[in-house]
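Asker: So the sequence lines, in the order shown, correspond to chains A and B. Each residue of the first sequence is one higher than the last, beginning at 29 in this note's numbering. Each residue of the second sequence is one higher than the last, beginning at 839 in this note's numbering.
Because the hints were derived from the structure by calculation, they are not lab data. We treat Cβ as the ideally placed atom computed from N, Cα and C, and that holds for glycine. Check the hints yourself; a few may be wrong.
Here are some, though not all, of the chain A residues that point toward chain B, as calculated from beta-carbon distances under 7 Å [unchecked claim]:
| # | residue |
| --- | --- |
| 1 | TRP35 |
| 2 | LYS107 |
| 3 | ASP128 |
| 4 | ALA131 |
| 5 | GLY134 |
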Amino acid sequence: SQTIHQWPATLVQPVGSPLSLECTVEGTSNPNLYWYRQAAGRGLQLLFYSVGIGQISSEVPQNLSASRPQDRQFILSSKKLLLSDSGFYLCAWTYGGQRDTEAFFGQGTRLTVV
Amino acid sequence: AQSVTQPDIHITVSEGASLELRCNYSYGATPYLFWYVQSPGQGLQLLLKYFSGDTLVQGIKGFEAEFKRSQSSFNLRKPSVHWSDAAEYFCAVGSMNTGFQKLVFGTGTRLLVSP
Numbered sequence: 029s030q031t032i033h034q035w036p037a038t039l040v041q042p043v044g045s046p047l048s049l050e051c052t053v054e055g056t057s058n059p060n061l062y063w064y065r066q067a068a069g070r071g072l073q074l075l076f077y078s079v080g081i082g083q084i085s086s087e088v089p090q091n092l093s094a095s096r097p098q099d100r101q102f103i104l105s106s107k108k109l110l111l112s113d114s115g116f117y118l119c120a121w122t123y124g125g126q127r128d129t130e131a132f133f134g135q136g137t138r139l140t141v142v
Numbered sequence: 839a840q841s842v843t844q845p846d847i848h849i850t851v852s853e854g855a856s857l858e859l860r861c862n863y864s865y866g867a868t869p870y871l872f873w874y875v876q877s878p879g880q881g882l883q884l885l886l887k888y889f890s891g892d893t894l895v896q897g898i899k900g901f902e903a904e905f906k907r908s909q910s911s912f913n914l915r916k917p918s919v920h921w922s923d924a925a926e927y928f929c930a931v932g933s934m935n936t937g938f939q940k941l942v943f944g945t946g947t948r949l950l951v952s953p
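This is chain A alone, in the form it adopts within the complex (with noise of 0.2 Å):
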């Protein structure tokens, strides 16, 4: 069966820090992985997206940016934080050149920046 990792599961960091969140699916090849952020009160917004190693999708500008290295890996970072970029972090994955799938989520990361 297919899973999910995301690590870590809580992480409190400074303004101007660098952040690294990493993604990993198990089970399943070639899959479409994506990072959504959650902010306080709000919806789950799309930030990027991958059909594959090395292709990068952003949906926002923003902060942030977004790397795959391997098939079933997802990178989320950041080279300064700043205190908007406080949220809860979900990575998540679809099959990969399918339209009728559903999206299996992480449990997410809690970022806190100070």
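Could you slot chain B onto chain A? The hints should help.
Answerer: Structure of chain B alone, referenced to chain A:
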């Protein structure tokens, strides 16, 4: 571009009572529709999905949803709510991009269950 509206931010229901959470979407073609549930500090779990066919969809935990094209709605229902159903519920619509599924979520409805 697609969009989703969940008009109720909070809903309180007595345990054992019925539940209906509203969801309206905007999309130019036949949508893919989803309901997810999120417990505090957790990821999202899929309750049910609609891709095509029967407009009444059954999901896990006794939930169901009905797709009504004429009303652009996909409301979630449960005949008898349990205390463990207290959580946040998100409706989402998927876009028909070739080769991948990109979901747009509503802002969520927080369900409180009173004894």
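Asker: Are there hints from earlier that the structure breaks, and if so, what are their numbers?
Answerer: Going through the list in order, the structure violates hints 1 and 2 and respects the others.
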